[in-house]
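One-letter residues, chain by chain:
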Amino acid sequence: MNRISIGKLAKELVQSYRSTERITNIEKRQFPSRSQVIKITEELRELLFPGYLGRTDLCWNNVEYFVGNKLDRLFTLLSEEIAKAFGSLSVGEAEEEFHSFLCSCRERACRETELFFSKLPKIREMLEDDVQAAYDGDPAAKSIEEIIFSYPCVLAISVYRMAHELFLQEIPLIPRMMTEYAHALTGIDIHPGARIGRSFFIDHGTGVVIGETCEIGDNVKIYQGVTLGALSFPKDERGKIIRGTKRHPTIESGVTIYAGATILGGNTVIGKNSVVGGNVWLTHSIPPNTKVIIEEPRLRIVENKSS
Amino acid sequence: MNRISIGKLAKELVQSYRSTERITNIEKRQFPSRSQVIKITEELRELLFPGYLGRTDLCWNNVEYFVGNKLDRLFTLLSEEIAKAFGSLSVGEAEEEFHSFLCSCRERACRETELFFSKLPKIREMLEDDVQAAYDGDPAAKSIEEIIFSYPCVLAISVYRMAHELFLQEIPLIPRMMTEYAHALTGIDIHPGARIGRSFFIDHGTGVVIGETCEIGDNVKIYQGVTLGALSFPKDERGKIIRGTKRHPTIESGVTIYAGATILGGNTVIGKNSVVGGNVWLTHSIPPNTKVIIEEPRLRIVENKSS
Amino acid sequence: MNRISIGKLAKELVQSYRSTERITNIEKRQFPSRSQVIKITEELRELLFPGYLGRTDLCWNNVEYFVGNKLDRLFTLLSEEIAKAFGSLSVGEAEEEFHSFLCSCRERACRETELFFSKLPKIREMLEDDVQAAYDGDPAAKSIEEIIFSYPCVLAISVYRMAHELFLQEIPLIPRMMTEYAHALTGIDIHPGARIGRSFFIDHGTGVVIGETCEIGDNVKIYQGVTLGALSFPKDERGKIIRGTKRHPTIESGVTIYAGATILGGNTVIGKNSVVGGNVWLTHSIPPNTKVIIEEPRLRIVENKSS
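Residue numbers (our numbering), protein chains in the order written: chain A, 1 to 307; chain B, 1001 to 1307; chain C, 2001 to 2307.
Just chain A, same shape as in the assembly:
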């Protein structure tokens, strides 16, 4: 292929950037960088589990330097991405206004980053209970360390707990980038908007979906393939989906939900200490202290002719 041909293909592709402009971001807005957000998330996890992830030679004499230095660096990185996230909400200010808009984004980003950092100790408290819940809940767990190093739920929940705080601070785009990073690694899809109590354990995890408006109490335990989802979407008079209503279920404290169960709907409440059996499909509420299982589905057992 000669240069003329590459030139022609390049021109055609650039032309398509104009004609299919909804997925083109040229001279429009600057967004947070996904790869940068992932890097920040990984470094934050090192701060949450000191001595386990990242540097392993920490001692009480050096830890404050380590933490101070990392926080300082992460402050710069994260506040920059948050500033871009706020900046992306620009509604087309005139040029002189745009400059002061960006300044205000940067200032707000610094405040929000500081606020977020101040929550890390509280997040660690919750994670300590989550890790303990995994140990108490899984007979295959040999030690607390095995859980911190290997259990996908520790990755998914620690990233969710950080993303949720940023979601509450109304940072655009970044919280979802963070939870989708965890989703890709674990198969556990927790929307950053979900509200989840203490001592939360997800075993195995692949295929779990926890929707945006879920509310989950303390000491809840769920297994792989569980969906806490929406039943149907109300639409406005123009047939457009209405955003922002409670569409996902409430799971009260002490509930266990076994593998493959599906619980749908914003008005569905699973009462305290109830148990939802594997593969159960629920679109209505269940009182506290109840066990719901599928009627042993009738099976047909026949001789296997092909063998």
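Heads up, some of the hints might be wrong.
With a straight-line cut-off of 27 angstroms between C-alpha atoms, the simulated DSS-like cross-links for lysine-lysine are [as the list claims (entries may be wrong)]:
#, chain 1, residue 1, chain 2, residue 2
1, A, Lys240, B, Lys1246
2, C, Lys2119, C, Lys2070
3, C, Lys2008, C, Lys2122
4, C, Lys2246, A, Lys142
5, A, Lys119, C, Lys2008
6, C, Lys2039, C, Lys2119
These aren't lab readings, by the way, just hints derived from the structure by calculation.
Assemble the complex: chain A is given as a structure, and chains B and C must be docked to it using the hints.
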């Protein structure tokens, strides 16, 4: 352990390369490099979503240089991998023939790479509709950008749409390497041979399987855990599986398939605008404008004694 | 934000390292490095599939240098991580004892690494059969190479087979780090403790869970979303879960288990050559040569009003 021991272990392992030679590739053939194919796929995605992935400072003055330069580089890289893929089909030519065989592979690879590049604008057109379908279909989506950055279906579908074109061009090995890269990141397993129409949306996605001979119309929406699979495999007279028949279902335009549904068989057709409910198990066709749901499975609700 | 503020946040976070110390590893123990274990696993896979993964220019003249060199390097790296894993079992020896404890860990680690390396040829023999089983079992497979390069089960099973040997050698932490690395990439969660026979094939794979005490015979084939799990956990008199009992099913040779089936319980045995249909939920044993399918669940088929 001393050197003698390492030497002995190395000899034994090399010996096993001879005795279990079906999984040994020494002095046999050169294959495309999986890591190289993944790198190329990632860079192609930057061309599909300019300004979102990769460089974020594009403007209309520099974009053609950026695109021209990247296409030029990718042309070299991709045509090399495609040449190796064609070369791997060698059927043991004699040495002098083998040289001219490799030359013909390289020439064909250049032509196929150019053809593939010329399809990128068309692929972008389809992706624009896919992204819009995600926005219209998910009330949790806050913006088009959130979808491009975070939704696993955008990764899975954009990689599939490229891999499908290479599959149609009968490039060996590379299309499947591409879709399995997306499968690893998203849990969405789309075979590059599947045929999928416009405005396709997969929500959440983990556990979705779309088989090689599926045909999917426009405006189809599916949820996590949906399998579009094969019912059983016809075998030839020697008991070997017959490859290449239509084994997977046809999903007509406007169909929605909810989480966990399984639809099997090459003769199974889900008619236009029909809805398949969650967890439905279907091995036969459904007419258009139909809704299929499982009979609310009988549940046993009992007091939870353990609480 | 000024330095004072960062300093304050750092102090608070370090303070939380003391107050939530169950997830703090400062001046406690050294553990294997997860990222190092993943790197070693990837390089071991290059030795298992020579010429396919990693270097592609191997010939019979250079392969022994390649293998000897890699084994030598990996010996250093792996024995170091294994030594740390043994060292992490320290029960608080006094300082002089601790030094000799670490020495004994290092010696034992060398012996175990050597033993593990000597098993690689046997592991390759099993993998050759696994790859062949995938080719024989999937009509979409175009070649042996496509399977080695692209099939998630090859990654999951090859990592499992190595991790299982280390598990049998009672190396702490590392086996599970290895299988969770494969789980993250494939969605296939095989506990390193499971016992799996020859010619094992998992198609698609996302969502598969194979528990710690499973026993699986030869020529077993399973599909995506299959769970081989525990029914319930026996607890001791203090209400703590009892670890180490057989909690997961036995799958005899020649069994096929279709997508989404769930088989639970340590006493559940699926007899030789039986077939378990998609979505079947089983908590009791099935005799040999039997086919179990769900009674076609009653479906409600209605006109789709919304269309």
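Satisfaction of hint between lysine 2122/C and lysine 2008/C, Cα-Cα up to 27 angstroms
Status violated; Cα separation ~57 angstroms.
CA of lysine 2246/C to CA of lysine 142/A, is that 27 angstroms or under?
15 angstroms, holds
Measure nothing beyond the straight line between the CA atoms of lysine 119/A and lysine 2008/C; if it is 27 angstroms or shorter, mark the hint as holding.
The given pair, whose Cα atoms are some 13 angstroms apart, holds under the 27 angstroms limit.
Would you check the hint for lysine 240/A and lysine 1246/B, treating anything up to 27 angstroms between C-alpha atoms as holding?
37 angstroms, violated
Please work out if lysine 2039/C and lysine 2119/C have their alpha carbons no farther apart than 27 angstroms.
Status holds; Cα separation ~19 angstroms.
Holds or violated: lysine 2119/C to lysine 2070/C, with C-alpha atoms at most 27 angstroms apart:
16 angstroms, holds
Checked against the numbered hints above, the structure breaks hints 1 and 3 and satisfies the rest.
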